[in-house]
Amino acid sequence: MKVFSSTCTFDYSWEEVSTANWRKYSPWNDKSTHVVAVDTLSRTIDPETGILRTERLITCDQSVPQWVLSLFGGSATSHVYEISYVDLKLKRVTMCSTNLTWSNVLNVQETVIYQPSPSKPTSTTNFNQEAKITALCGGWQKIKNKVEEASVERFSQNATRGREGFEAVLEMSRRVFGEQRERENGRLQP
Amino acid sequence: MAASIAPECNDIKEKYDTCFLKWYSEKYLRGHTASNECEELFSKYKTCLHKALKEKGIDSMLDDARKANSESDTEFLRRS
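Top line first, the protein sequences correspond to chains F and P.
Once you know that position 128 of the first sequence is 128 in UniProt numbering, the rest is easy, because the numbers rise by one and skip nothing.
Once you know that position 58 of the second sequence is 58 in UniProt numbering, the rest is easy, because the numbers rise by one and skip nothing.
A hint or two may mislead.
Stated by the list, open to error - Cβ-to-Cβ under 8 Å is the rule here; a few derived chain P residues that face chain F: (1) A65; (2) S72; (3) T74.
Quick caveat, the hints were computed from the structure, so don't treat them as lab data.
Glycine is no exception: its CB is placed at the ideal position from the N, C-alpha and C atoms.
Chain F with its partners taken away, still in its complex shape (with noise of 0.2 Å):
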């Protein structure tokens, strides 16, 4: 198993942050264009906790390593299933995902979670991302290293893509409620 961890801080607020994550993957990311498609499958409140538990679908396009399809063949796009819990006492977002694709041969358990830096708890927003990866193809050690390696190696370009992807939406959300809120008041104004 190889583990692949990153941290980092946000400039927004966690409310901003929890809301702007809901459309992570929407048009204003440009650098995550490997994910493709995001689907809610279900969306409960816990009655006692008001925990919000969501399940979502995410169906990726992105090239794989020619020796890996030729390994183990199957297509290029994949499937992730993400269960997230969003406490609002705790104000945490916790995002558990694991891959559905290719699930007998690599085993990839990834945990995203959001929470108020504990200096600027009203402004600045810290981001954890683990990710324990584990291939499964029996026989050579020598190909399960390598295969986890890529993976390590994917995950880690795809973080960075993906951080950078997230500031550009969390800047267009900011924009987009300003404007909304500036409409809302000058509609309130006589």
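Following the hints, complete the assembly by docking chain P onto the known chain F.
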């Protein structure tokens, strides 16, 4: 907003996503967690989506993933 895996569901998905985002930012984040006024749109979107997932054979992959990942609920849905 991102597209749906099933192009025929894009319209209803777009309507639902817009409704949800408005509810999330204006109601949910302000502590009004009780109701979800987008339920009707969601139900229509789900009907469309489930048909497509079945046709593509993704529904059975999802069932397996649900079984394998049920422990995250225990960890993240507990009372804080």
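So, going through the hints one by one against the coordinates:
For A65 of chain P, the interface hint holds, since its Cβ comes within 8 Å of a Cβ in chain F; the closest pair sits about 4 Å apart. With its C-beta approaching chain F no nearer than about 5 Å, S72 of chain P sits inside the 8 Å limit, and its interface hint holds. Evaluation of the T74 of chain P hint against chain F yields a violated restraint, the C-beta minimum of about 12 Å exceeding 8 Å.
Figure legend: structure checked against the earlier numbered hints; the only hint not met is number 3.
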